[in-house]
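> In case you want the letters, here they are:
2 protein chains.
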Amino acid sequence: MSSCSWSEKVLQLLRRMNNFHSPGSSRTRCLRFEIDGAQVGWIPPHVASLLNRYSTVFSEPRNGAVSLLPRLDSYSTRSEAVDAVLQNLRQEEPLGCLRGWRDERYSVMPKYSDPPLMSMERAATSLFGVRRYGVHINGYTVSDSGEMSMWLARRSNTKQTYPGLLDNVAAGGLAAGVGIKHTLVKECEEEACIPAAIAEKACPVATVSYTYEDQDGVFPECQFVFDLELPLEFRPRVGDGEVQDFYLLPIEKVTELLATDDFKPNCAMVVLDFLIRHSLIDPDTEPFYQDFITGLHQTL
Amino acid sequence: MSSCSWSEKVLQLLRRMNNFHSPGSSRTRCLRFEIDGAQVGWIPPHVASLLNRYSTVFSEPRNGAVSLLPRLDSYSTRSEAVDAVLQNLRQEEPLGCLRGWRDERYSVMPKYSDPPLMSMERAATSLFGVRRYGVHINGYTVSDSGEMSMWLARRSNTKQTYPGLLDNVAAGGLAAGVGIKHTLVKECEEEACIPAAIAEKACPVATVSYTYEDQDGVFPECQFVFDLELPLEFRPRVGDGEVQDFYLLPIEKVTELLATDDFKPNCAMVVLDFLIRHSLIDPDTEPFYQDFITGLHQTL
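Residue numbers (the UniProt record's numbering), protein chains in the order written: chain U, 1 to 300; chain V, 1 to 300.
Honestly, the hints are just simulated from the structure, not real lab data.
Take these hints with a grain of salt, some might be off.
[What the hints assert, rightly or not] Distance condition first, Cα-Cα at most 30 Å in a straight line; then the derived DSSO-like pairs of lysine-lysine:
| # | chain 1 | residue 1 | chain 2 | residue 2 |
| --- | --- | --- | --- | --- |
| 1 | V | 253 | V | 264 |
| 2 | U | 264 | V | 111 |
| 3 | V | 253 | U | 181 |
| 4 | V | 181 | U | 253 |
| 5 | U | 201 | V | 111 |
| 6 | U | 201 | V | 201 |
| 7 | U | 9 | V | 181 |
| 8 | V | 111 | V | 264 |
Using the sequences and the hints, build the whole thing.
Structure representation (structure tokens):
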């Protein structure tokens with residue numbers, strides 16, 4: 001039994017999800033990943049040593065950075081050259097994350113508001129510390145007497161990442177060139193059988209952003225967060241098999257759960273942001289109120 | 001006429017309000033202000049040179065820090081010793097911020113969740129880069145047809161700081177030992193004649209936090225933000241003379257105004273946070289959506 005309070009456990013979760021910027025992280029040993037002089041990611045030391053052999057694609061490390069060679073001067077030439085490297089690494093190297101190859105491309109750019117400079121296989125982004133964007137939906141209900149409940153998904157036990165853990169009612173990554181609301185409607189339909197007529201009522205309310213590192217590399221992530229009040233009689237249903245079950249839980253129970261290991265960590269962050277915005281955490285009694293908020297909204 | 005878009009002007013506002021962490025700020029020349037080995041602020045170079053003469057209170061600069069002498073080992077001895085220094089500086093030195101002396105004490109502590117180590121006159125906190133906490137209230141109405149409007153205050157022309165600018169319907173600093181909701185109810189009553197029965201319905205929804213510097217020093221600030229839906233027939237009234245007038249404006253007009261110089265900058269930030277939480281900014285069309293959110297919630 002841990003003697004930590006709920007508040008301390010939540011603070012620890014936020015620290016773990018921002019561990020790339022903690023003392024002792026690999027950050028000082030990472031190389032910047034640059035295209036055309038602009039940083040688009042972080043290359044961890046174990047990846048940098050593998051890239052040496054692809055000298056027609058990547059520069060030698062210089063001033064703490066590895067760059068794509070300038071001859072790769074368009075979106076398509078860059079995307080194809082890096083993809084060829086990744087296909088080769090996938091054959092030759094025991095990189096765990098590449099075993100989860102998805103044939104799904106993410107955009108690579110210095111900031112979200114910049115035009116994409118290339119695209120990259122989703123499963124490889126952590127090797128280059130490339131920012132990943134996604135959308136998460138808080139599906140909730142309010143009873144006639146005003147009591148709030150939230151729908152949570154239990155991830156399938158066969159998911160590559162975080163099998164069997166609690167998740168938001170629907171969520172998904174933003175693939176290259178696809179809009180945020182469009183992705184939301186698609187994920188709601190595919191994962192939870194929420195029809196478009198309901199999903200389109202979801203309200204954009206926040207982003208949650210953080211950077212963590214693990215054995216697969218560096219994960220700077222930004223999730224666009226939507227709230228979706230679901231009709232009381234509506235029940236989400238298992239769609240594409242990414243989810244094994246859905247539960248409707250009183251918000252107090254959800255609050256308890258987010259400080260446990262049963263939650264996929266970034267989904268717990270999305271719920272924490274919901275609790276704060278819906279006045280379910282009291283700044284006069286929660287000593288870490290402001291730490292929670294800054295921990296949820298870190299600059300990438 | 002500026003050719004900047006609304007988005008760019010809002011981004012510039014957020015950058016100005018976080019200029020202490022920008023390249024070229026005085027940060028690298030500031031000394032840490034420490035009590036008992038813990039940092040509680042930043043001392044700008046022009047202030048550090050004045051503190052040399054108070055060697056019974058402050059240490060010599062060492063390893064980039066100035067400390068209170070260890071013999072000042074309690075809340076009251078520290079508060080009194082620093083207050084005596086400030087009273088002397090107020091007489092002897094042309095420090096603009098001390099002309100705004102308020103006889104209002106703020107708590108000084110490493111983090112909000114820590115016990116206060118001393119208190120300090122509000123007008124002096126920027127000389128020591130001590131964090132300041134406050135509460136801001138978004139007072140808004142929703143018409144029967146669902147149209148949202150917001151009450152804004154116009155600050156009195158005789159206010160020491162930001163005279164004549166637009167402000168939230170009520171706001172105030174958190175004095176030492178006073179609660180957040182308590183301060184909210186008091187400020188609503190004093191500044192806007194909002195009775196406690198209405199003010200108590202305000203909902204805690206966020207913090208907005210930022211650090212800027214100007215000629216008066218360093219301002220790391222955290223505002224606890226509340227939303228208060230006001231009855232359609234209610235009108236705030238000028239109370240203690242800090243405000244000259246109140247306006248009820250359509251939310252579209254408020255949105256326009258927050259990118260102008262007519263708004264007190266931190267109040268514009270509080271309104272921006274409101275617009276995001278109330279889905280009045282669309283992440284599919286606002287390229288700086290995420291930059292807005294991280295700019296509003298910086299770690300202090």
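> For every hint, state whether the structure bears it out.
The hints, checked one at a time:
Restraint check for residue 253(V) and residue 264(V): satisfied, since their Cα atoms lie roughly 16 Å apart, inside the 30 Å limit. Proximity of residue 264(U) to residue 111(V) is assessed by CA-CA distance (about 29 Å); at most 30 Å being required, the pair is judged to hold. Annotation: proposed proximity of residue 253(V) to residue 181(U) holds, straight-line Cα distance about 26 Å (limit 30 Å). A C-alpha spacing of about 26 Å is found between residue 181(V) and residue 253(U), which places the hinted pair at or below 30 Å, so the restraint holds.
A distance of roughly 39 Å separates the Cα atoms of residue 201(U) and residue 111(V); the hinted pair therefore is violated under the 30 Å criterion. The suggested pairing of residue 201(U) with residue 201(V) holds, with an alpha-carbon distance near 27 Å, which does not exceed 30 Å. At most 30 Å may separate the alpha-carbon atoms for a hinted pair to count; residue 9(U) and residue 181(V) meet this at roughly 26 Å. The hinted pair formed by residue 111(V) and residue 264(V) meets the criterion: a straight-line CA distance of about 26 Å does not exceed 30 Å.
Of the numbered hints listed earlier, the single one contradicted by the structure is hint 5.
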